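Trainee: Using the sequences and the hints, build the whole thing.
Numbering-wise (the working numbering), the sequence shown opens with residue 3 and increments by one.
Simulated from the structure, these hints should not be mistaken for lab results. Source: prediction; values computed, not measured. One or more of the hints may lead you astray.
Subject to a maximum C-alpha distance of 30 Å in a straight line, what follows is the list of computed DSS-like cross-link-like pairs (lysine-lysine) [claimed, not checked]:
# : residue 1 : residue 2
1 : K144      : K122
2 : K161      : K144
3 : K122      : K161
4 : K163      : K144
5 : K109      : K121
Pairwise CB distance ranges (calculated) [as the list claims (entries may be wrong)]:
# : residue 1 : residue 2 : range
6 : P108      : K69       : 17 to 23 Å
7 : P108      : K163      : 38 to 44 Å
8 : E141      : L190      : 47 to 53 Å
We treat Cβ as the ideally placed atom computed from N, Cα and C, and that holds for glycine.
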Amino acid sequence: MSSLAAARADNFYYPPEWEPSQGSLNKFHGQHALRERARKLDQGILIIRFEMPFNIWCGGCNSMIAKGVRFNAEKKQVGNYYSTKIWSFAMKSACCKHEIVIQTNPKNCEYVIISGAQKKTEDFDIEDAETFELPADEERGKLADPFYRLEHQEEDLKKKKEAEPVIVRLQRQSDARHSDDYYLNKTLRAQLRVCYLANDDCPCLFFIFLLLFHFHPRVYCFFFFIILSSTSKEKKHLSIYSESKEKSY
3 MSSLAAARAD NFYYPPEWEP SQGSLNKFHG QHALRERARK LDQGILIIRF EMPFNIWCGG
63 CNSMIAKGVR FNAEKKQVGN YYSTKIWSFA MKSACCKHEI VIQTNPKNCE YVIISGAQKK
123 TEDFDIEDAE TFELPADEER GKLADPFYRL EHQEEDLKKK KEAEPVIVRL QRQSDARHSD
183 DYYLNKTLRA QLRVCYLAND DCPCLFFIFL LLFHFHPRVY CFFFFIILSS TSKEKKHLSI
243 YSESKEKSY
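Mentor: Listed below in structure tokens is the structure:
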């Protein structure tokens, strides 16, 4: 493209017959700056590109028009909500050329279908969608009050526990119960020693070790280390422990 053609494309070319008294170039050429989009401007209508704000059903052929589809729509003002203008958008569907009219609703901050189509209902269940229900406007206003939050803190915690999945609670309980491995191992070994000494084969030895544990804990630990060092005895008291656990359940 030559430099002259580029200047014309940018609308900066002034022909020799133009004079400043004739106004702008658009006025000189007898056309509007928006060209064909302003052909109905005398009727208060401007042609724009309108994007569908939600899924709708066409009133002419019952075809679905998806959200985001764009149309050449006639935009005009049809009223006011206080100082905010209410705009109307009239367009024709591509499927059957049926006219669709949509207006703005400044009061509720939304678009409203006036004629030619029907909004697709896309309701969902909160439980099925696994989402949380948002609080109402009144509830949101109360949440800003620190005293209100303090009064309802216990209730909120109760609701949270009820809504928490069972598997998560079980996992948390398991983590809390088995967090101290050393203590669990110590308790288990103490139970195994008691089960071993409580065996019918050595009742006297059981009482002897109880006395040792009471008066001489170090000697008690030394003798138990010798006893539990035997592999066969380890297997024996493990089997006794498993049998006692089965009886307890």
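Trainee: Hint by hint, say whether it matches the structure.
Mentor: Outcome of the hint check:
1. K144 with K122: violated, 34 Å
2. K161 with K144: holds, 18 Å
3. K122 with K161: violated, 34 Å
4. K163 with K144: holds, 22 Å
5. K109 with K121: Given pair K109, K121 holds - Cα atoms ~19 Å apart, limit 30 Å.
6. P108 with K69: 17 to 23 Å: holds, 21 Å
7. P108 with K163: 38 to 44 Å: For P108 and K163 the Cβ distance comes to about 43 Å; the hint holds.
8. E141 with L190: 47 to 53 Å: holds, 51 Å
Hints 1, 3, counting from the list given before, are not met by this structure.
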